[in-house]
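There are 2 protein chains.
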Amino acid sequence: MDDQTLKQPIHRDARPPSGQVTTGAIEGSVKIWTSPQGREDIRVPFREIALHPTANEPPVRVYDTSGPYTDPTASIDVEDGLPAVRAEWLGKRGFSRVEHTREVRPEDNGFASGSHLVARCPAPHEVWKGQPGQPVTQYEFARAGIVTEEMIYVAHRENLGRLTMVEGAEERRADGEDFGAEIPAFITPEFVRSEIAAGRAIIPSNINHPELEPMIIGRNFLVKINANIGNSAVTSSAAEEVDKLVWSIRWGADTVMDLSTGRNIHNIRDWILRNSPVPIGTVPLYQALEKVGGEAEKLTWEIFRDTLIEQAEQGVDYFTIHAGVRLQHVPLTARRTTGIVSRGGSIMAAWCLAHHRESFLYEHFEDICDIMRSYDIAFSLGDGLRPGSIADANDAAQFAELETLGELTKVAWAKGCQVMIEGPGHVPMHKIRVNMTKQLSECGEAPFYTLGPLTTDIAPGYDHITSGIGAAMIGWFGCAMLCYVTPKEHLGLPDRSDVKVGVITYKIAAHAADLAKGHPAAQIRDDAISRARFEFRWEDQFNLALDPDTARAYHDETLPKEAHKTAHFCSMCGPKFCSMKISHDIRKEAERQEGMEQMREVFHEQGGKLYLPA
Amino acid sequence: MDDQTLKQPIHRDARPPSGQVTTGAIEGSVKIWTSPQGREDIRVPFREIALHPTANEPPVRVYDTSGPYTDPTASIDVEDGLPAVRAEWLGKRGFSRVEHTREVRPEDNGFASGSHLVARCPAPHEVWKGQPGQPVTQYEFARAGIVTEEMIYVAHRENLGRLTMVEGAEERRADGEDFGAEIPAFITPEFVRSEIAAGRAIIPSNINHPELEPMIIGRNFLVKINANIGNSAVTSSAAEEVDKLVWSIRWGADTVMDLSTGRNIHNIRDWILRNSPVPIGTVPLYQALEKVGGEAEKLTWEIFRDTLIEQAEQGVDYFTIHAGVRLQHVPLTARRTTGIVSRGGSIMAAWCLAHHRESFLYEHFEDICDIMRSYDIAFSLGDGLRPGSIADANDAAQFAELETLGELTKVAWAKGCQVMIEGPGHVPMHKIRVNMTKQLSECGEAPFYTLGPLTTDIAPGYDHITSGIGAAMIGWFGCAMLCYVTPKEHLGLPDRSDVKVGVITYKIAAHAADLAKGHPAAQIRDDAISRARFEFRWEDQFNLALDPDTARAYHDETLPKEAHKTAHFCSMCGPKFCSMKISHDIRKEAERQEGMEQMREVFHEQGGKLYLPA
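Just so you know, the sequences run in chain order A and B. Each residue of the first sequence is one higher than the one before, counting from 0 in numbering that gives the first Met the number 0. Each residue of the second sequence is one higher than the one before, counting from 0 in numbering that gives the first Met the number 0.
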């Protein structure tokens, strides 16, 4: 507390120069690729964090969402897009090439023109479509007993590239509390297939998004996180928009939702998809509303349908569809403290009320399924009636919609689609568990994907934290993916710093959930960083951290000298007082006294009733 | 995400000028005092947040820890100290004035001299002591059936000054999950007395700290938080040190621990106590160690005893005493991943090992009780063997110590002392609950006071968040006070900004816990801010926030104009898309359609099976 003015978190990463995106290795790690046994054609990315030689430990391998951007050898040019890693797999599945793709219309880009129009991404892009009678979706392949390359890929990815069970896996599983989840000690492609076939997991992977590095969402896998991005009112360059994606995945976003509105959304989406190694989700209703000038009552099924095809051909991997907001649910919201807070939900409620008709999304749900199946776009069934305040948590409107989502899940499965379910919102801690339990039972164990939930309403400016608490808990209870909330929630648009803080907060929540579930490998990183801490390996501590740059910067504020990075003390206690140093002395002293076992005996003989043998 | 560089959280509060401390009302609130019925001599502070006239709601009253510093009419001079609000109450209890107080010695201030020596605080201070045979401690008064002024004060404070039960109290209690706690709908002084008599709550309140505004720690009361402060290596002024306290309580710290080491600690402690309206806790072992040049093995009972008396006469309200670290526990830590991470624990372990003797704190525990009883200093029984990593959570060393703390709790009660118990540390989510359960059963329901716990080890730089998750959960399960963790934990010394972020994070955790426990009044603030949000009363939203300055600054980054503070939209959706606005339209439309009840009937008649009557 020695600074004259209030200081700010320190970040080493400035925004990249115009026309470029953020590249370079994440501090202290190298990018590697490994392959499942016998499948050298499948190359799965990880990061490896090498430790100081004195540690005498192998490098720590971590899950990596960052794509080629963190590979110093990769040549990154957003105009070229990313390599089409799935092209060969998809090419063998007999899909039909779409010759006459939907033409881009002025309204797709909000009538932007001239210098205001962002150019289309020049990266090559063919459009494909599945046909009736052939398996198209991962769900259909799984039901047919076929293991796809995507399934092999995610199995290897979830195992962090290990070819055999990690040591101590069974013990850690037994030690955890998984609330009925069943994470195996080792993930096989067949296990992935069976989870997808059961509807318990999805691999969002549009057949028109060949650049995708597949990932899986399900409660028997690592907990995932999503980051939302949106276009700026004034876009200076397409690269700037792509960089929002790149920045999010650099810090660990597993999927990214493009929630853009206004001008250029079609073309910017093109740039994002061609440059995205992670699944991209959208809410097609937002673009449809743009096309009718923002007036909900003017929406039609035809405009919505056209928007689905527009985005499907571009390669969007999952769509939020608010088909659970039915006419009959609307009155349930009228006495709420905060009404309807979901944009999609309020648009559909306004439409239903204006026409006094059942939602066209609900009425055309099977048509939507047919479209989404043809490209393998996963459903993210939107929670349009999620509570926007503690007062409205778990109310009749919310649960009525959840029951409808359960009904729709079964329809979508029958149509061959992959499905996940969106969830709240604002929920106090004691009402979180029932959300998870009810979602599992109503929706046949389809993966749950929640926003937070925020555990109190009173901390605008800190809602990454109010929601991070709820996210960690619901992740533990079985939620498969956590949608991040940034510090700007309720107040404004997140900037680069907010996005990073939001992503790191949610990586914490997801990892805390993995630990508590007894994930067989999650604790490896905790143990490595704790050993580094105990042995004063400061560089290893920074490098093993979720955010090495901030950890290092905070340390250097107090003890900037290079020599302090190897010092056997830190700024909290200083050299005299260091408790870790005393622990080392204890260990040495114990060893000196002819070994611990003997020492234990001595203590035991003298011992009081409280002595517990280790 | 439109900024060229990474931005920082925005704070309006710069450090005050030299020689002064932070003063002025917290944005958007006024300080008030109210009295319990018939006791106009007892004035309890609150803050009231007035709402916009269109709200047609009374002001929202909130708990206030900030002392006279946020009262614009108060004259603040750190040389004078604060008014002695308890002097009259204490004066009637028949304590003995200590004529020959302990003299300050050079080693008390780390041999600081000349210009390096911080002067003593000139504020007047008399020293008093209780005698055997008379009730001294709140515990002794409570056991004797006597309701003290402190008990009346905290009852009124916990009720937020209400004279009758808050509306809906019983419903909220029934709606919560309190894991066996029993928070009444209305707190009476008699209830406070009975909780203290049962050992379930404490009012830390040294009879030599008359400036204290009493507060209570117990699981049947609001969850409290503690902030740690420590002196700087180079102190520019006593006011700068006092300001660390003032800054912490401004944002909501209920108690403050002074963990200073090195030079000037005695004199700085004087300044802090004379200017503190909240209980001050210390770890006397730290100062004792300073007196023997930092060499643990040179510690003696005599030096420790002298330090207790030194600090007792100054008015410290609670002492962390690491008497649970016994010789026989030391070997249990030798194979831990991170050994002993508590400073106090490692000092005592080093002492035990060096002398191969039982801890002098354990052996002299009854003597310690006699001293602490004489001044009514509460025990905070230290968890010297708390786990410093996920790997070490809930291990034999930790639980062996906890069992010893249970044994010592009963000794301290028999001696008439108030007791709380310190807890971990690093604990994964699924192992938190058992900590609480075991603490309650081992320690006879004495209040639990935990550091976090941190739910993962992998996020240095964000440990306010890793621990905020654990803190919210253990608070819900029954922990009475949460010790904050700042973003600098494990890395360096917190600055002004870190302290604020740490305090706000822990206010979130404590409040989320109160909500989940079904505290009868906790949700009032959430509901008020949610109504403000729904009605676009931006100023009310900011003012009701835990940190009004940051909420306002974040909003103004995107929409700085004054007019936007009354705009019926925000930057997230903009005017066309605002879901809250659509909700208002729905409500109006619903009202137009001849009232909701009738409308429900209509829907019900048309209704599908999913319709749920509200």
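Don't read these hints as lab results, they were simulated from the structure. Here the structure is a predicted model, which means the values were calculated and not measured. Treat the hints with care, as some may be off.
Copies of the same chain look alike in the list, so a pair counts if it fits in one copy or across any two.
Mimicking DSSO-like on lysine-lysine, the simulated pairs with C-alpha atoms at most 30 angstroms apart in a straight line are [stated by the list, open to error]: (1) 91 x 437; (2) 414 x 587; (3) 580 x 414; (4) 437 x 409; (5) 580 x 297; (6) 409 x 580; (7) 297 x 91; (8) 297 x 414; (9) 290 x 580; (10) 437 x 128; (11) 128 x 409.
At 30 angstroms max between alpha carbons, let me know whether residue 91 reaches residue 437 within a copy, between copies, both or neither.
neither (40 angstroms within a copy, 59 angstroms between copies)
30 angstroms Cα threshold - placement of residue 580 relative to residue 409
Answer is neither: 59 angstroms inside a copy and 33 angstroms across each miss the 30 angstroms cutoff.
Up to 30 angstroms between alpha-carbons, please classify residue 437 paired with residue 128: within, between, both or neither.
neither (35 angstroms within a copy, 60 angstroms between copies)
Evaluate residue 128 and residue 409 at a C-alpha cut-off of 30 angstroms and name the case that applies: within, between, both or neither.
Cα proximity of residue 128 and residue 409: one copy only (23 angstroms, versus 74 angstroms across).
Given identical chains, is residue 437 near residue 409, meaning Cα to Cα at most 30 angstroms, within a copy, between copies, both, or neither?
Cα proximity of residue 437 and residue 409: one copy only (16 angstroms, versus 45 angstroms across).
Under a CA distance limit of 30 angstroms, which applies to residue 580 and residue 414: within one copy, between copies, both, or neither?
neither (63 angstroms within a copy, 36 angstroms between copies)
Homomeric proximity label, residue 297 with residue 414: Cα distance no greater than 30 angstroms
within (29 angstroms within a copy, 77 angstroms between copies)
Could you place residue 580 and residue 297 in one of the four classes (within, between, both, neither) given a Cα distance threshold of 30 angstroms?
Intra 70 angstroms, inter 17 angstroms, cutoff 30 angstroms: inter-copy only.
How would you classify residue 290 and residue 580 at a CA-CA limit of 30 angstroms: within, between, both, or neither?
Classified as between; 20 angstroms across copies, 66 angstroms inside a copy.
Within a copy, between copies, both or neither: which one fits residue 414 and residue 587 at a CA-CA cutoff of 30 angstroms?
neither (66 angstroms within a copy, 39 angstroms between copies)
Given identical chains, is residue 297 near residue 91, meaning Cα to Cα at most 30 angstroms, within a copy, between copies, both, or neither?
neither (42 angstroms within a copy, 77 angstroms between copies)
Checked against the numbered hints given earlier, this structure breaks hints 1, 2, 3, 6, 7 and 10; the rest are met.
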